[in-house]
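A.B. asks: Sequences are here, hints too, so could you generate the full structure?
Each chain is listed here by its residues.
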Amino acid sequence: MASAAGGQPTAGPGQALRSKLASILGVLTSLLLTFIGLTAITFVIGRMMPADPVLAIVGDRASQEVYDQVYLQLGLDKPVYIQYLRYLEQLLEGDLGTSIMTAQPVMDDIIRFFPATLELATVATLLGIFVGIPMGVLAAVHQGRWPDHIVRVISLIGYSAPIFWLGMVALLIFYANLGWVAGPGRLDVFYDGIVEPTTGILMIDAAMSGEWDIFHNALSHLVLPATILGTFALAYIARMTRSFMLDQLNQEYILTARVKGMPERKVIWGHAFRNVLVQLITIIGLTYASLLEGSVLTETVFSWPGIGQYITNSLFNNDMNAVLGGTIVVGACFVGINMLSDLLYRLVDPRIRK
Amino acid sequence: MTTEATLRGWLLAEIPTSKWQARCQRIFIGWLDFKRNPIAMIGFLIILGLVVIAALAPWITTSDGLELHLADRLKPPSSEHWFGTDELGRDIFDRIIWGSRITLYIVALVSIIVVPIGLLIGTVAGYMGGWVDTVLMRLTDIFLAFPRLILAMALVAVLGRGLENAVLAIALTTWSPFARIARAEALTIRNSEFILAAQMQGISTVGILARHVTPLCMSSVTVRLTLDMAGIILTAAGLGFLGLGAQPPTPEWGAMISLGRQYLIDQWWVPTIPGIAILVVSLGFNLLGDGLRDVFDPKSGN
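So the sequences go chain by chain: A and B.
Heads up, the first sequence is in my numbering, so the first residue is 708 and it goes up one at a time.
Heads up, the second sequence is in my numbering, so the first residue is 2 and it goes up one at a time.
Be careful, since some hints might not be right.
[As the list claims (entries may be wrong)] One side only, chain B facing chain A, incomplete, derived with CB under 8 Å:
(1) Phe147
(2) Leu156
(3) Ile266
(4) Pro272
(5) Leu284
(6) Asn287
[Stated by the list, open to error] Here are some chain A residues the structure puts well away from chain B; computed CB gaps all over 12 Å:
(7) Ile731
(8) Arg768
(9) Gln771
(10) Val787
(11) Pro822
(12) Leu833
(13) Pro841
(14) Trp887
(15) Ala964
(16) Arg965
(17) Phe980
(18) Leu1051
Everything labelled a hint here was simulated from the structure, so no lab data went into it.
Here a beta-carbon is modelled for each residue, glycine too, at the ideal position from N, C-alpha and C.
C.D. replies: The structure is reproduced here in structure tokens:
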């Protein structure tokens, strides 16, 4: 990552710009290659299926003529690479096939299920950022003393605990025993279908239509799964923030600032943390991407009707179009967010600015 | 006492007299470093405990963890059933003990798939350089960017549900960091003199890669494998929990949680206890990995 970022201080502005453009071009190339790789894998998985794709469409009572016609329509007589290009073309048009389970285009299903996952992962990531970063800074500033140890233990547990188990224990304690939060699902049943799903993100929809009861109910349902999903984000972000901060705090400019009598708060937040923030962009992007895909397990525990649950249910119903469509969409988001944060990092990195 | 002293002397001698002694010395000195790190020792003891429990399973347990005792179903933890019984009256303690073998099986299976692939691709890319390097590393980067859980799910969908297929799917998305590490190591030793000497002796490229480059990659690969193992165990357990990994009645911990889920509110021990087992083992690997990294690579430690 950092190798391309090492612009020499003596280089002129033209050269800096050129090296920056080159590094951006590099990111875009690998983005393209990764997408090709991802689609190649889902294409191969689709072809490896034991089920006959023609029979899946025409049913086993169709005549040979109908069968042959559909066979040709699907382009199964063409060489594999032509079939793959055709598959790519369909993907670019947003055509992911039809789901057997819901009898609707997979794309429509995904558009319906995705906002729930987005809502969960976004809140979880925000939690990781706003709790994890201060924790990491605190640990680095008090390195080797008790705040550092506490943060270390918390992040170790966040790393090591199976998230689905953590979710169940949290449901047992905070929902079943204490009754502090609402149970599984996104809303209580009697609130279902009242607000118009404009954005698909329930709290925003409820707030827009002024249904504050629903807003509170949705929030009460969201708190627990978002916190559980956020544990991993928190652990990761806190650990990386700590190690980045330690790197900065050991450098000479920090010593200089301290010798000059700058207040410690300003040294930490104004100097060291500003440099850490740039490095954290990639970490936050990585976390967000992994939470989008990692929400599968959390969604299952909390019966959260998101894309993860959609894929899991489709899997058990042998609905391959839906499984592969979901994989492509989540995979594309995963790859896209990672590359975007990498790109952003290259844009704001002061070593290649100017 | 005296034999211990001579053994110690042999292990710490200034100049080793044989290859074997040198090797033992390296391990011993590493161990002395390692012993000073209490957190790493806890991790080591957890993993050692897991291995011992798995090996002694027939003597620790009173049942094979599979036979049904419907009269005893959903019994809370007691002196007779330490961790209680599940919905089919099976002793949860016994199932956890037998499940440790499955966990070790996952660890072993992933390692023997992932390490050779990673080493092969990484050392070839680093040693050969040029277009071979470019192509192999592009491939590695593509796999590095894949979402692991979702892809594993899609693969299990075609390969069929089951522990081996789940592990295979995990391995497919796990080898890439090892290729990166092996390449980095190969790049640094490619131009060293002992490689040049080997080349001039007429040793084939395959021989150099296998006998001279690969052994030097092993320590960093081992550290990375230990650190990644917690994530691998969690993913395997997650697939088991979704019903895509090990199938009932196998006492795989993730699958046990999945089956016990419906008893969460009234019989909390059924789903929660296997989760504690997963937590302890993955904690053990994380702690051990941190410790090993400090021993092998003191620079990156803090």
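A.B. asks: Verify that the Cβ of Trp887 of chain A lies farther than 12 Å from every Cβ atom of chain B, and report whether the claim holds or is violated.
C.D. replies: holds (15 Å)
A.B. asks: With d taken as the least Cβ-Cβ distance between Ala964 of chain A and chain B, does d exceed 12 Å?
C.D. replies: holds (22 Å)
A.B. asks: Double-check Leu284 of chain B for me: the hint is only fine if its C-beta lies closer than 8 Å to a C-beta in chain A.
C.D. replies: holds (4 Å)
A.B. asks: Over 12 Å to the closest beta carbon of chain B is the bar; see if Pro822 of chain A clears it.
C.D. replies: At about 18 Å from chain B, Pro822 of chain A clears the 12 Å cut-off, so the statement holds.
A.B. asks: Could you check if Pro272 of chain B really has its C-beta closer than 8 Å to a C-beta on chain A?
C.D. replies: holds (6 Å)
A.B. asks: Verify that the Cβ of Leu833 of chain A lies farther than 12 Å from every Cβ atom of chain B, and report whether the claim holds or is violated.
C.D. replies: At roughly 21 Å from the nearest Cβ of chain B, Leu833 of chain A sits farther out than 12 Å, so the non-interface label holds.
A.B. asks: Beyond 12 Å from every Cβ of chain B: is that where the Cβ of Leu1051 of chain A lies?
C.D. replies: Since the minimum Cβ distance to chain B is about 16 Å, Leu1051 of chain A lies beyond 12 Å and the statement holds.
A.B. asks: Would you check whether Ile266 of chain B satisfies its interface hint, that is, whether its CB is within less than 8 Å of any CB in chain A?
C.D. replies: holds (5 Å)
A.B. asks: Against chain A, is Leu156 of chain B within 8 Å by beta-carbon distance?
C.D. replies: holds (7 Å)
A.B. asks: Min Cβ distance, Phe147 of chain B to chain A: is it shorter than 8 Å?
C.D. replies: holds (7 Å)
A.B. asks: Any Cβ of chain B at or closer than 12 Å to Gln771 of chain A, or is the non-interface label fine?
C.D. replies: holds (28 Å)
A.B. asks: Are Asn287 of chain B and chain A close enough, Cβ to Cβ, to be under 8 Å, as the hint says?
C.D. replies: With a minimum Cβ separation of about 5 Å from chain A (threshold 8 Å), the hint on Asn287 of chain B holds.
Figure legend: structure checked against the earlier numbered hints; every hint is met.
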